[in-house]
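Visitor: Going down the list, the protein sequences come from chains A and B.
In terms of this note's numbering, the first sequence opens at residue 5 and continues consecutively.
In terms of this note's numbering, the second sequence opens at residue 373 and continues consecutively.
One should not assume that every hint holds.
What the hints assert, rightly or not - Computed list of chain B residues with no C-beta within reach of chain A, every gap over 12 Å: (1) Ala386; (2) Met430; (3) Val548; (4) Phe626; (5) Trp629; (6) Gly631.
Claimed, not checked - Taking CB as the label site, the calculated pair distances span: (7) Arg43(A) - Ala472(B): 29 to 39 Å; (8) Lys625(B) - Phe130(A): 28 to 38 Å; (9) Gly70(A) - Val473(B): 53 to 63 Å; (10) Pro262(A) - Lys625(B): 38 to 48 Å; (11) Lys625(B) - Asn69(A): 54 to 64 Å; (12) Val473(B) - Phe130(A): 32 to 42 Å; (13) Ile450(B) - Ile121(A): 51 to 61 Å; (14) Thr33(A) - Leu620(B): 53 to 63 Å; (15) Phe44(A) - Ile476(B): 44 to 54 Å; (16) Leu620(B) - Glu143(A): 37 to 47 Å.
Said to hold, decoys possible - Non-contacting residues of chain B with respect to chain A, defined by C-beta distances greater than 12 Å in every case (computed): (17) Gly393; (18) Ile410; (19) Leu415; (20) Leu447; (21) Tyr470; (22) Ala534; (23) Arg535; (24) Phe550; (25) Trp551; (26) Ser566; (27) His628.
Just so you know, the hints here were simulated from the structure itself, not pulled from any lab data.
Nothing here was measured: the structure is a model prediction, and the numbers come from that model.
For each residue, glycine too, the CB sits at the ideal point set by N, CA and C.
One letter stands for each residue in the lines below.
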Amino acid sequence: MNTPIDLMSAITGPAASGPSDHRWFPPGTHITVRGLTKRFGATTLYENFNLDIPRGQLISIFGPNGCGKSTLINMMSGILPIDGGEVLFDGKALRDTRIGYVFQNYREAMFPWLRAIDNLRYPLKFLKLSKAEKDARVERMIARFDVKIDLHRYPYELSGGQQQMVSIMRALIVDPEVLFMDEPFSALDYEMTLFMREQLQKVFMETRTTTLLVSHDLEEAVHLADKILLLTRKPTHVADYISFDAPRPRDTATLSTPEFVRVKAHSLEVFQREVRKP
Amino acid sequence: MKPSLKEHLLALLAKLAPLWGALVFVALWWIATSLKVIDPILLPSPADSAKALWKGMMGGSLWHDFLRTVTRTLLSFIIAVAIAVPLGIVLGSSDKIYRAVEFIIDFFRSTPASAMFPLFLVLFGVGEKTKIAVAAFGAALVILFNVAYGVMNARKLRQLAARVMGASRIGVLTDVTFWESMPQTFVGMRSGVSLALVIVIVAEMFIGSTDGLGQRVINSQMIFDMPEMYASIFAAGALGYCLNLLFLSIERKFVHWGGK
Numbered sequence: 005m006n007t008p009i010d011l012m013s014a015i016t017g018p019a020a021s022g023p024s025d026h027r028w029f030p031p032g033t034h035i036t037v038r039g040l041t042k043r044f045g046a047t048t049l050y051e052n053f054n055l056d057i058p059r060g061q062l063i064s065i066f067g068p069n070g071c072g073k074s075t076l077i078n079m080m081s082g083i084l085p086i087d088g089g090e091v092l093f094d095g096k097a098l099r100d101t102r103i104g105y106v107f108q109n110y111r112e113a114m115f116p117w118l119r120a121i122d123n124l125r126y127p128l129k130f131l132k133l134s135k136a137e138k139d140a141r142v143e144r145m146i147a148r149f150d151v152k153i154d155l156h157r158y159p160y161e162l163s164g165g166q167q168q169m170v171s172i173m174r175a176l177i178v179d180p181e182v183l184f185m186d187e188p189f190s191a192l193d194y195e196m197t198l199f200m201r202e203q204l205q206k207v208f209m210e211t212r213t214t215t216l217l218v219s220h221d222l223e224e225a226v227h228l229a230d231k232i233l234l235l236t237r238k239p240t241h242v243a244d245y246i247s248f249d250a251p252r253p254r255d256t257a258t259l260s261t262p263e264f265v266r267v268k269a270h271s272l273e274v275f276q277r278e279v280r281k282p
Numbered sequence: 373m374k375p376s377l378k379e380h381l382l383a384l385l386a387k388l389a390p391l392w393g394a395l396v397f398v399a400l401w402w403i404a405t406s407l408k409v410i411d412p413i414l415l416p417s418p419a420d421s422a423k424a425l426w427k428g429m430m431g432g433s434l435w436h437d438f439l440r441t442v443t444r445t446l447l448s449f450i451i452a453v454a455i456a457v458p459l460g461i462v463l464g465s466s467d468k469i470y471r472a473v474e475f476i477i478d479f480f481r482s483t484p485a486s487a488m489f490p491l492f493l494v495l496f497g498v499g500e501k502t503k504i505a506v507a508a509f510g511a512a513l514v515i516l517f518n519v520a521y522g523v524m525n526a527r528k529l530r531q532l533a534a535r536v537m538g539a540s541r542i543g544v545l546t547d548v549t550f551w552e553s554m555p556q557t558f559v560g561m562r563s564g565v566s567l568a569l570v571i572v573i574v575a576e577m578f579i580g581s582t583d584g585l586g587q588r589v590i591n592s593q594m595i596f597d598m599p600e601m602y603a604s605i606f607a608a609g610a611l612g613y614c615l616n617l618l619f620l621s622i623e624r625k626f627v628h629w630g631g632k
């Protein structure tokens, strides 16, 4: 993500504008995206983009390079300003919503001047909680991830996987309504990636936090998802929105089930059709 | 396996490596003086200079002058930091302000501080204030530039992360930007204290001084007390070296994440 970002307007965002013609949404919907428009200079990335995200599900976002996968979740999470349309969480605006965000680049997302435990504690300072409550939350989060990390070390003293683990814990500690993850495992090796998928699923099964995961790895996208959102090339639209209902926890055996193979093959077909479009 | 005696010796030699250069230097100096290659009036022997240094520092007046210079340098450094760090953070966090004053700062930063002596003499009169003011001025510009630079180059992703977690604009500044600028701020402080020392020594030489290392160097040169002059020069050198070492070690301790 190399786009210049205006921090202030990124969070407040411009006033929702444009007609919101698609008011209807299916029951159980958590997030509604309506008439979303985004331009970079003369290029239109999103034009009147609509999307419903069901509650308590993990949605993977996959699509061709440069179609704006990260841009989509960055607009939803308020990191990037939107040019038009609106994103509502249970009908609320972003500023009334607790979110967690996990960046791809954990090295630059952690604060190296704070110990891992203080990184973990950092977002709690924006919640009105007593010290005892804060400590309890930290304890609970540590117990939830049964990972042996010495949290009294500084982030740069931890391995990549451990850093990203702390980063995920930091996003979850505020008990977010929505969790955004931008290619969280792409800087890790395969062994670590599999381990992290396991951990993420475990936490997801416990908390059922609505999660949006951007991935450039189709296997990962399908493996983790309840629904896979496939995007077209820009101007970006929904190419397909596929359900994958394999029971959790899913392990490496899931990767060879017929249902997984079918969903992955179908996704790949849609993806290639989109990539080959003139 | 226990390291052998030979390994111990080699490790000891490696540790002493920096001393070899100094030993060679002193040896060459000693040879030059004992062979009278250079007029002994101009170049006293290492032993005579060392004796002057020892006597001066141990209860002599050199120690007093040394302390005067240390006090002036640190005082001007503290004033410089107090002005430059907050100002640098403000400048660095606003692109518009920075662009407006960048040229002025860069211009005065490039102006030799010694060229400002006459101006400061007019402003502050002949005395203590002028020396400290010029040194503080020079050091402040160096520090200011580095702090602003550090703030401007703070990692955007880290600021974003804080913002997404709910930090206000001021919160991002104090929780992220301030820390992000630390490594560069320390670079600025290290250059700043060196520059302050240089300016203080020069000021002591030429702006009506009755004490300080600079004044001592000039005085001993006038009366051709060469061992005394070399002693003062070494004292000044040791001061500069130790200040740098001190700041480096504070930096390593404080900015432990630097370069990682």
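Visitor: Give a verdict on every hint.
Guide: Checked hints:
With a least CB separation of 28 Å from chain A, Ala386(B) remains clear of the 12 Å interface cut-off, as annotated. Remark: the non-interface label on Met430(B) is consistent with the geometry, its nearest Cβ contact in chain A lying 43 Å away (cut-off 12 Å). Chain A draws Val548(B) into its interface by the beta-carbon criterion, the shortest separation being 7 Å against a cut-off of 12 Å. Not every Cβ of chain A is farther than 12 Å from the Cβ of Phe626(B); the closest lies at roughly 9 Å, contradicting the non-interface assignment.
The Cβ of Trp629(B) does not lie farther than 12 Å from every Cβ of chain A; its closest approach is about 4 Å, which violates its non-interface assignment. The claim that Gly631(B) lies off the interface is violated: its Cβ sits roughly 10 Å from the closest Cβ of chain A, which falls inside the 12 Å cut-off. Evaluation of the 29 to 39 Å hint for Arg43(A) and Ala472(B) yields a pass: the beta carbon distance comes to about 31 Å. Range check, Lys625(B) to Phe130(A): Cβ separation about 30 Å, and the 28 to 38 Å hint holds.
Gly70(A) and Val473(B) have their C-beta atoms about 39 Å apart, which leaves the hinted 53 to 63 Å range violated. The hint said 38 to 48 Å for the Cβ distance between Pro262(A) and Lys625(B), and at roughly 59 Å that hint is violated. The hint said 54 to 64 Å for the Cβ distance between Lys625(B) and Asn69(A), and at roughly 45 Å that hint is violated. The supplied range of 32 to 42 Å is met by Val473(B) and Phe130(A), whose beta-carbon atoms lie about 34 Å from each other.
Between Ile450(B) and Ile121(A) the beta carbon distance is about 34 Å. The supplied range of 51 to 61 Å is therefore violated. Against the hinted window of 53 to 63 Å, the Cβ-Cβ separation of Thr33(A) and Leu620(B) comes to about 58 Å, which satisfies the hint. The hinted range of 44 to 54 Å is not satisfied by Phe44(A) and Ile476(B), whose Cβ atoms lie roughly 35 Å apart. For Leu620(B) and Glu143(A), the hinted distance range of 37 to 47 Å is satisfied, since their beta carbons lie about 40 Å from each other.
At the 12 Å boundary, the C-beta of Gly393(B) stays outside the reach of chain A, the nearest C-beta of that chain being 34 Å off. Every Cβ of chain A is farther than 12 Å from the Cβ of Ile410(B); the closest lies at roughly 53 Å, confirming the non-interface assignment. No beta-carbon of chain A is positioned within 12 Å of the beta-carbon of Leu415(B); the least distance is around 50 Å. With a minimum CB-CB distance of about 29 Å to chain A, Leu447(B) clears the 12 Å threshold, and the non-interface call stands.
Every beta carbon of chain A lies more than 12 Å from that of Tyr470(B), the smallest distance being close to 16 Å; the non-interface claim holds. The Cβ of Ala534(B) does not lie farther than 12 Å from every Cβ of chain A; its closest approach is about 8 Å, which violates its non-interface assignment. The Cβ of Arg535(B) does not lie farther than 12 Å from every Cβ of chain A; its closest approach is about 6 Å, which violates its non-interface assignment. The claim that Phe550(B) lies off the interface is violated: its Cβ sits roughly 10 Å from the closest Cβ of chain A, which falls inside the 12 Å cut-off.
Residue placement check: Trp551(B) does not keep its beta carbon more than 12 Å from all beta carbons of chain A (closest about 5 Å). Chain A leaves Ser566(B) outside its interface by the beta-carbon criterion, the shortest separation being 26 Å against a cut-off of 12 Å. Its beta-carbon lying about 7 Å from the closest one in chain A, His628(B) breaks the requirement of being farther than 12 Å from that chain.
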